[in-house]
Each structure stands twice: as C-alpha cells, then as structure tokens.
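Trainee: As they're listed, the protein sequences go chains A and D. Each step along the first sequence adds one to the number in the working numbering, with nothing skipped, and position 99 is 99. Each step along the second sequence adds one to the number in the working numbering, with nothing skipped, and position 29 is 29.
Simulated from the structure, these hints should not be mistaken for lab results. Keep in mind that a hint or two might mislead.
[Stated by the list, open to error] The calculated lysine to aspartate or glutamate pairs, modelled on EDC-like cross-linking and capped at a C-alpha distance of 16 Å, are:
1. D:Lys95 <-> D:Asp63
2. D:Lys84 <-> A:Glu21
3. A:Lys28 <-> D:Asp63
Given next are the chains, with one letter for each unit.
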Amino acid sequence: MSDAVTLHFDVDGENFTSAGEASVQVKKTLRQMGFPPDVIRRVSIAMYEGEINMVIHAGGGKADVTVDSDKIHIVLADKGPGIADIELAMQEGYSTAKDNIRSLGFGAGMGLPNMKRYSDHMQVESAVGKGTTITMDIYLS
Amino acid sequence: MTVEALADKLSLTTLCMPEGDREIEGGYCGDLLSWVMSRAKSGDAWVTIMTNINVVAVASLTDCACVILAESAEVEPAVVEKAKSQGVNLFVSEKDSFILCAQIGALLS
C-alpha cells in the first residue's frame, strides 16, 4: 500500500488568465499515475469549476487534492463573500456572475451543478462574509 | 481522420498544431465554457467563437482533439502560446460554426 499523494495550490484571484492551472496540473499528475480517463475527466471538471468559482467570486483561495487508495479527495477553500443561499446556488442556471465574466463564457450557472454531477460526494460549507469551503470525493472503484 | 487531415480538408488556418496526428472521434460546438466543459468529449473537434485563454484550459481538460475558432475570431498571441505549451491544436476559419460543423459531420460520417 503506497502513501497518499497530496497536492496543494494557491489559486490566484487576481489573474483570470491563469485560472485553470491547478486543474491542468492535477490532470497531468493523475495521468502520470495511470488513472483511467473517466476518473481524470471527472476530477478535472469538478476541480476546474471550483477553481474558476474561486477566481470569479472569492478573489482566489486554496486547493488541496489528496490521492488515496480508494478515492480522490478535493478541498477548495476561500475567504470570499460566502454563499447566502446554497440551495439556490446549486440550481442549474442560477448565477451571480457579472457581465464581464459572462462575456468570457462563464457565469452560466453551471459551476456548482457540474461539481455535484462529476463528484460522488460533495459538501458545501459557507458563511456570508467569511468564505466557502467545498469538499468533493471521487471514488476509485 | 487525423487533426492534420481535417485541417487540410477544411482549409483551416493553423495557429498551432503540436499534436497533428491525433485522431478526431467526434465534434462539439459551443461557447459557454462551463457547458462545453461538461459535455465535450475526448477526441472531439470543438468549434467555438470564444478566444480567451480559458478556451485552452477547457480544451486541455476535456482532452479535445482540436479547437477551431469560427468566423475569423481574433485571438491574442498569448493564447496561441498557451495552446502550444499544453499540446492543444488550435485553428481558425472564416466559416461560421454551422458550416464548419456540417462539414466536419460530413467528413466523419
């Protein structure tokens, strides 16, 4: 049994053009470790959406990925404005993104729903004015 | 059909082609990046009018075979550099998305 592999990223909230770099790095690492394409795809999508959300809404944050023997565990934590109504935010099509973000092809209200769809387990903890922490697991069966 | 062959058949302008021998398995058309992110499949030729740098990240993460920018959409040199460094094949065409998709569909069927 090998030890868990952990990856840590500081997601830069000022630099929208580099958004997605942590996800691309995680994808490369998982590919090198020989994970099946389906698992890599699900982790990549879930993580990318989370990373973009942190850049758009929270001024950046931290991403931690743990590759364990039975699952890939992702924790995305920010100190942004928080989510007032998580149930509403989870609805496909609901978004608070501004027009400049929409013009880049984001803000369609797909982020959180995509994260839920592509992970096996997802938990959102948020406090208005304090920040949001999203935990996702993708099981390796 | 390889990416290189498709580019030739459709008379695409090559912005960068780091992996021209990749096989095209299907196609996808869309400009909402989150939507494309969750729907495009590995090996797709992705047609879009979006040209910001996040297009490269989406193409890389979905493992698209290539990205075709429709209607001569203008692209920054930094985007091309990023695509090159991430192994993303990037083309531009004067044709619109509908025509490109119709032609890709005909070539793949």
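Trainee: Does each hint fit the structure? Answer for all of them.
Mentor: To see whether the hints hold, each was checked on the structure:
no.	hint	verdict
1	D:Lys95 <-> D:Asp63	violated, 24 Å
2	D:Lys84 <-> A:Glu21	holds, 15 Å
3	A:Lys28 <-> D:Asp63	holds, 11 Å
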